[in-house]
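Peer 1: Each chain, written out:
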Amino acid sequence: MKLKNKWPKYYKQDVVTHYCPGCGHGIVHRIVAEVLEELDVGKRALLVCPAGCAVLAYHYFDIDVIESAHGRGTAIATGAKRANPNLFVISYQGDGDLSAIGTAETIHSANRGENMTVVFINNAVYGMTGGQMAPTTIIGQNTTTSPIGRDPEFDGYPLHITDVVAAFPGVVYAERVTLSTPGGIRKTKKAITNAFQTQIDGLGYSIVEVLSPCPTNWKMTPVQSCKWIEEEMSKEYKPGLLTDKREEKRKTKG
Amino acid sequence: MNKVFMSGNHTIGEAAIRAGCKCYFGYPITPQNELGEYMAANLRQAGGVFVQSESETAAINMVVGAAATGARVMTSSSSPGISLKQEGLSFLAGFELPAVVVNMMRGGPGLGNIAPAQGDYFQSTRGGGHGDYRTPVLAPASVQELADLTIAAFDLADTYRTPVLVIGDGMMGQMKEPVVFPEPVKTFPEKEWALKGRGDGPSRYLASLILDGLEMERHNWKLVRKYQEIAAREVRYELYMMEDAEFAVVAYGTTARIAKGAIKRARKDGVPVGLIRPITLFPFPDKIMREIAHRIKHFLVFEMSTGQMVEDVKLALNGRAEVAFHGRPGGVIPTPVEFARVINRQYQRNYK
Ligand SMILES: Cc1ncc(C[n+]2csc(CCOP(=O)(O)OP(=O)(O)O)c2C)c(N)n1
Ligand code: SF4
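Heads up: the protein sequence lines correspond to chains A and B, in order. Following numbering that gives the first Met the number 0 from start to finish, the first sequence increments by one per residue and tops out at 253. Following numbering that gives the first Met the number 0 from start to finish, the second sequence increments by one per residue and tops out at 351.
Please keep in mind that the hints were generated in silico from the structure rather than gathered at the bench. In this text, a Cβ means the ideal position worked out from N, Cα and C, and glycines have one as well.
Simulated crosslink set (EDC-like; lysine to aspartate or glutamate; CA at most 20 angstroms straight-line):
(1) B:LYS195 - A:GLU36
(2) B:LYS286 - B:GLU321
(3) B:LYS296 - B:GLU310
(4) B:LYS225 - B:GLU191
(5) B:LYS286 - B:GLU245
(6) B:LYS175 - B:ASP147
(7) A:LYS42 - B:ASP199
(8) B:LYS351 - B:GLU245
(9) A:LYS244 - A:ASP162
(10) A:LYS3 - A:GLU33
(11) A:LYS188 - A:GLU36
(12) A:LYS248 - A:ASP200
(13) A:LYS189 - A:ASP243
(14) B:LYS195 - A:ASP61
(15) A:LYS188 - A:ASP243
(16) A:LYS189 - A:ASP39
(17) A:LYS237 - A:ASP162
(18) A:LYS42 - B:GLU191
(19) B:LYS195 - A:ASP39
(20) A:LYS8 - B:ASP199
(21) A:LYS11 - B:ASP199
Listed next, the stretches of chain B that the computed footprint assigns to chain A, with coverage defined by at least 3 CB atoms under 8 angstroms from CB atoms of chain A:
(22) 20-34
(23) 48-54
(24) 59-67
(25) 77-91
(26) 186-197
(27) 203-210
In isolation and in its complexed conformation, chain A is listed as follows (with noise of 0.2 angstroms):
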């Protein structure tokens, strides 16, 4: 049997990766070179990373990219895509990046409709800064900053800001997926194929947010994280497609 695995092109070789073991970074950004290249938009396309453990994300694309300021992820893809339309842009984002400093530039990038693609790690904590809750923390989850587990009454809900921003009209293509299984990892990448597709024909906003392990803050094995995902934080947030309004988008741009 001969191997299919070929390196993609827009990802670099040469690097050392920076991420813990059994992180779900590293697994999404191949992903999303390999889409890259599939749907040949390598070339033009320009990445926003987050601040946030992908902030390196820089030293492993082989495509242009620019890091943001904490949460601004969507509003310098505003500018870039809006300055120049032929651009293919990408916001990568953490869950504490998108859905709590940035929650202002999420909602309102997506409800402007910009045709952008977010790519959202919702690992239900802040990974870089040491693992404290995040609005996506589940409740009774541990974190440092809810070390007797989230609770509703203190902490409040977990945010599901994706089903939020789904309902928008501007909002073309939502799914959530989860790595937390090799067929997780396939529809994660069909969801990217999808959610970059919906750019490239100027349908407009597009999200995919992916469930992601954060072995090291969750203090479990990688084995063990994956099984929480499925077992506990898929509960919350159900793996699925959010919206999928293409092919309405598709009539009325005639």
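Fit chain B with the ligands to the known structure of chain A by using the hints.
Peer 2: Leaving out everything else, chain B with the ligands in the frame of chain A:
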């Protein structure tokens, strides 16, 4: 274009479009709304992009994104909004991206009021956001200068890859004066660093995260050298009635206009007084101040603040002359009569 009669805020908009500004991102705040409105009405026809953002933070980050692609970009606001833009200004400085940011200052701190003020001098000239950076600051004092310096701001921004501030106040923005616009700019410097997709070339990135200590230090020294170069080359100032003056007033923007009126009055009373008007607040015209200090031993600084630029005047003179200060913070526009009275009093005290 012939002479037209236009408000300050509209003038900045028209000048920006003529300077090749392709994107304007902003959030409404008085007293500079007419500028955003002018861009909404005219920029698209000129082939550009206007977005009313959800906040000033978003606006300045849109500026970051557009500037990264190489476009000439602009945002404008007034004091509380400029505070929110400081995050993006720091990143623009770190990324070394060109952009023009207009601040029509109002009374503060806090919401303050919408009356003219100059309380944002420190914020403008000291960087304002976090980190070790400076931004060139242009302070026009007439509608014609608003046009000329807006265009100059775009050129400065591109030349040095830095955000540039144009600061005025409610009076500068609202007042109408005749203005002649220069012909639209047609050729722009090539921006090889701009992120437009890698194409067949090597990929590039813009980042301000520099983990290696020595590399971070190198980056900061590189920025310092740039600010030193700006300080050596880009100083602008105006001298008014200084040839035979024995006593010097220092003021900028609206306050300088009022000071000119006051100086005319004081001259009638026989006071040989003149004005040094900094047009660039960073770089500050300190060399000319030192030269003047060879023959003039008393300086008087007027500001619409409780005293901010006065510190730069003192730093520039470094003990070579006496420096007095008279200021009114935001809320009240001083009159030429008031300033003339202060000039007369200081002159009597120092020279009689
Ligand atoms: C304005 C600002 N506040 C706080 C921080 C510190 N900070 C860096 S990354 C981060 C959290 C990132 O969490 P998330 O977006 O979930 O990404 P992850 O690290 O989990 O991948 C924070 C709070 C910052 N860089 N800027
Ligand atoms: S802290 Fe978590 S999100 Fe960050 S690299 Fe490690 S596993 Fe990944």
